[in-house]
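Asker: Residues per chain, in single letters:
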Amino acid sequence: MNFYKKKILLVTLCLFFLLGATCYVEGATLYLASEHNVFHPGDIFVVSVKIDTAQGENINAIEAYIKFPPSLLKVIDVSSGSSILTSIISPQIDKEKGIISFAGIIPGGYSGPVLGDLGESNLLEKIIFQVRSDVKSVNKRKKSALVTFLDNSQILLNDGKGTAALLKKKGIVVDIIEGGKKSLRNEWKEELQKDTLPPEDFRPYITKIKNLYYLVFVAQDKQSGIDYYQVFESRRPQTKIELSQWMRAQSPYFLRDQSLRSYIYIQAVDKAGNKRLVTLEPQRQGHIILYENYIIWVIILFGLIVTYLSRRYLWKRY
Amino acid sequence: MIWRQRRKMRYPVLILLIIIGVIGGGELFDAPSVFGTNTAQITATVKVSVCGNGVKEGGEQCDNTDLGGSDCISLGYNGGTLGCNTDCTFDTSSCLSGGGGGGGTYVPPATTAQVIFKGLAFPGRTVTLLKDAQVVTATIASSDGSFQIDLSNLSTGTYIFSLYSEDYKGNRSSLLTFPLTVSSGTTTRLDNIFIAPTITTDKVEVKKGDDITIFGQSAPYADVIISVSSGENFFVKTSSDKSGVYVYHYNTSFLDYGCHYAKSKASLEGRIVSSYSKSVSFKVGMSNRSREVVSTSVKADFNSDNRVNLIDFSIAAYWYKRPSPPSQIDLNGDHKVDLVDFSIIAYYWTG
Chain H
1 MNFYKKKILL
11 VTLCLFFLLG
21 ATCYVEGATL
31 YLASEHNVFH
41 PGDIFVVSVK
51 IDTAQGENIN
61 AIEAYIKFPP
71 SLLKVIDVSS
81 GSSILTSIIS
91 PQIDKEKGII
101 SFAGIIPGGY
111 SGPVLGDLGE
121 SNLLEKIIFQ
131 VRSDVKSVNK
141 RKKSALVTFL
151 DNSQILLNDG
161 KGTAALLKKK
171 GIVVDIIEGG
181 KKSLRNEWKE
191 ELQKDTLPPE
201 DFRPYITKIK
211 NLYYLVFVAQ
221 DKQSGIDYYQ
231 VFESRRPQTK
241 IELSQWMRAQ
251 SPYFLRDQSL
261 RSYIYIQAVD
271 KAGNKRLVTL
281 EPQRQGHIIL
291 YENYIIWVII
301 LFGLIVTYLS
311 RRYLWKRY
Chain U
1001 MIWRQRRKMR
1011 YPVLILLIII
1021 GVIGGGELFD
1031 APSVFGTNTA
1041 QITATVKVSV
1051 CGNGVKEGGE
1061 QCDNTDLGGS
1071 DCISLGYNGG
1081 TLGCNTDCTF
1091 DTSSCLSGGG
1101 GGGGTYVPPA
1111 TTAQVIFKGL
1121 AFPGRTVTLL
1131 KDAQVVTATI
1141 ASSDGSFQID
1151 LSNLSTGTYI
1161 FSLYSEDYKG
1171 NRSSLLTFPL
1181 TVSSGTTTRL
1191 DNIFIAPTIT
1201 TDKVEVKKGD
1211 DITIFGQSAP
1221 YADVIISVSS
1231 GENFFVKTSS
1241 DKSGVYVYHY
1251 NTSFLDYGCH
1261 YAKSKASLEG
1271 RIVSSYSKSV
1281 SFKVGMSNRS
1291 REVVSTSVKA
1301 DFNSDNRVNL
1311 IDFSIAAYWY
1321 KRPSPPSQID
1331 LNGDHKVDLV
1341 DFSIIAYYWT
1351 G
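From first to last, the protein sequence lines are chains H and U. Going by my numbering, the first residue of the first sequence is number 1, and it counts up by one from there. Going by my numbering, the first residue of the second sequence is number 1001, and it counts up by one from there.
It is possible that part of the hints are untrue.
[To be verified] Simulated crosslink set (DSSO-like; lysine-lysine; CA at most 27 Å straight-line):
hint: 1; chain 1: H; residue 1: K97; chain 2: U; residue 2: K1321
hint: 2; chain 1: H; residue 1: K194; chain 2: U; residue 2: K1131
hint: 3; chain 1: H; residue 1: K97; chain 2: U; residue 2: K1283
hint: 4; chain 1: H; residue 1: K210; chain 2: U; residue 2: K1299
hint: 5; chain 1: H; residue 1: K210; chain 2: U; residue 2: K1336
hint: 6; chain 1: H; residue 1: K50; chain 2: U; residue 2: K1242
hint: 7; chain 1: U; residue 1: K1118; chain 2: U; residue 2: K1242
hint: 8; chain 1: U; residue 1: K1118; chain 2: H; residue 2: K161
hint: 9; chain 1: H; residue 1: K161; chain 2: U; residue 2: K1321
hint: 10; chain 1: H; residue 1: K161; chain 2: U; residue 2: K1131
hint: 11; chain 1: U; residue 1: K1321; chain 2: H; residue 2: K67
hint: 12; chain 1: U; residue 1: K1283; chain 2: H; residue 2: K161
hint: 13; chain 1: U; residue 1: K1299; chain 2: H; residue 2: K161
hint: 14; chain 1: U; residue 1: K1321; chain 2: H; residue 2: K210
hint: 15; chain 1: H; residue 1: K208; chain 2: U; residue 2: K1169
hint: 16; chain 1: H; residue 1: K208; chain 2: U; residue 2: K1321
hint: 17; chain 1: H; residue 1: K275; chain 2: U; residue 2: K1118
hint: 18; chain 1: U; residue 1: K1321; chain 2: H; residue 2: K169
hint: 19; chain 1: H; residue 1: K208; chain 2: U; residue 2: K1131
For the record, the hints were derived by calculation from the structure and aren't laboratory data.
With the hints as constraints, model all of the structure from the sequences given.
Answerer: Shown next as structure tokens:
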């Protein structure tokens, strides 16, 4: 009898454990993925940061902190190409501590890929790592680099209150070995070579922050991602802008011409160097801009000459 | 002897425990690090079919060589070879009918992708489409609530598409969002989209025991389920009329004093179900106070243009993790602009 009691107790414990485990499955999962997991010193490889949501869960904001061993790996780039996030700020890299962080939102929320969508519709960022060339293995044994999420990473629900979602995190381990290889792997270069398309067309806006005018903009590049933006303000329309005239910019960008009488040129450049140029006409027209227009000056000058000549001709005649 | 038997019996149980432990332990290892108190849930019945992937799916007559078992004869011709156009419709130009066939028209392969959005919204009301959080186009739903938007010239990649509509009172529905990866040369169809209903009430405060009128708009003749919550959920069912308008007079006798929330979702013949609407709050108190003007202004509209979009996002981004942000930017009142404020902006986003 005692034996059966114990057996029932054990089965009950098993069921409790099993149910408990099932309960923990709920929640969104932040995870890292790489096509390969064995590299050599000098190799460049891409790690994708992805998300899976629990069934029925709707999230809308993500902040991720990713730790990597700086003695083994270095970050050479971060790409937002085909990311589902609208970034709040550019990804931050702390090379010394070995931390990459980014934050972004998904307006309207995200509940995972739509049924039938076979694409990679859960990508947040791509981190491009390079294995340090000075990595030496001890006695020809492999070294392992753990890339993982820090505990301050968070995901928020699309509930209008910013409630924290249940979160699971899964990092990756890459192995570094020496020798037995003829050429270096460069996964990122291969991706950049495929990108021949410019960033998508975008629409910038002018807005007031603390009573000053700022330019706001965001462009998308579905291949390699946006590398940087540059802005040029000019009172006159330009057909060509010299390299030295461009100013590197981040949204929101403080406008130098607060009178809003300048043409504003915004160029989005992707990681492969493809460019998309967008122009904003002057927001205010007025006498100042007319005086600055060459054609107006030519007309005035022409008028003065005609008046002068006609008066002189008339004086001579009468 | 008994001890040995018991010991023998323990092995399978221990093995079972180890197996469960491995499964459970694996999960426990990755146990949630942040525990929420609420869940935002979405229900959708949207279906995706990709024209160009070589598999005939819903909404397609064919896809590449997949003709779904059809041939020229099954389509009423005398013979010949049935083909498939790049838009996944039958190419019958090589089918023979009586006197013989004619030459086909060469359709060059597309270099860009196309997405077709098809679904139900509010009759005669505008349906707005957002691509990557920015408005790209809009259309008017027909009198039966159906709408279709064709978006072309897309390059290969992942997009976040969102749709919303405005009801006869100017209230906006919640955003319905679809992440979607498209490939050049393909047409992706999103069928069965059902825009969530709008919802509001005639009063902001209702005297306990009196009726509060909950109303909004959905597709015509839809079954509408209204959920009233305040710790406990109460569900009531009503239907929308020909113009999609639904009205429910809710008696507040059973509700406690205090704040309550109402939201609704619609279904049509049990075929397609919308996600839940936004929540509308009301108070059960000692007196009645009407919701005088239906306010279309929304939270997170920092520049007061009646929209929540990139401009508001950028204003908040300026204050991100900066000291002393203005109170109207600090949406949750914790004296800082952080991810929570951006989550609230994303919730109220209109594009």
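Asker: All hints, please: hold or fail.
Answerer: Results for each hint:
Proximity of K97 of chain H to K1321 of chain U is assessed by CA-CA distance (about 21 Å); at most 27 Å being required, the pair is judged to hold. Taking the CA atoms of K194 of chain H and K1131 of chain U, the gap is about 24 Å. The hint holds against a cut of 27 Å. This hinted pair does not check out: K97 of chain H and K1283 of chain U have alpha carbons roughly 51 Å apart, beyond 27 Å. Distance hint between K210 of chain H and K1299 of chain U is fulfilled; the C-alpha atoms sit about 19 Å from each other, no more than 27 Å.
A C-alpha spacing of about 17 Å is found between K210 of chain H and K1336 of chain U, which places the hinted pair at or below 27 Å, so the restraint holds. With a CA separation close to 44 Å, the supplied pair K50 of chain H and K1242 of chain U exceeds the 27 Å bound. Only pairs whose Cα atoms come within 27 Å are accepted, and K1118 of chain U paired with K1242 of chain U is accepted, the gap being roughly 20 Å. Pair hint K1118 of chain U plus K161 of chain H does not hold up; C-alpha atoms about 31 Å apart against a cutoff of 27 Å.
A distance of roughly 18 Å separates the Cα atoms of K161 of chain H and K1321 of chain U; the hinted pair therefore holds under the 27 Å criterion. Using a Cα cut-off of 27 Å, the hinted pair K161 of chain H and K1131 of chain U holds, with the two alpha carbons roughly 24 Å apart. Annotation: proposed proximity of K1321 of chain U to K67 of chain H holds, straight-line Cα distance about 21 Å (limit 27 Å). Simply put, K1283 of chain U and K161 of chain H have alpha-carbon atoms about 19 Å apart, close enough for the 27 Å limit, and the pair holds.
Taking the CA atoms of K1299 of chain U and K161 of chain H, the gap is about 11 Å. The hint holds against a cut of 27 Å. A distance of roughly 16 Å separates the Cα atoms of K1321 of chain U and K210 of chain H; the hinted pair therefore holds under the 27 Å criterion. Of the pairs offered as hints, the one joining K208 of chain H and K1169 of chain U is violated, with about 30 Å between alpha carbons and a cut-off of 27 Å exceeded. Restraint check for K208 of chain H and K1321 of chain U: satisfied, since their Cα atoms lie roughly 19 Å apart, inside the 27 Å limit.
Using a Cα cut-off of 27 Å, the hinted pair K275 of chain H and K1118 of chain U is violated, with the two alpha carbons roughly 34 Å apart. Between the alpha carbons of K1321 of chain U and K169 of chain H the distance comes to roughly 24 Å, so the proposed pair stays at or under 27 Å and holds. Only pairs whose Cα atoms come within 27 Å are accepted, and K208 of chain H paired with K1131 of chain U is accepted, the gap being roughly 25 Å.
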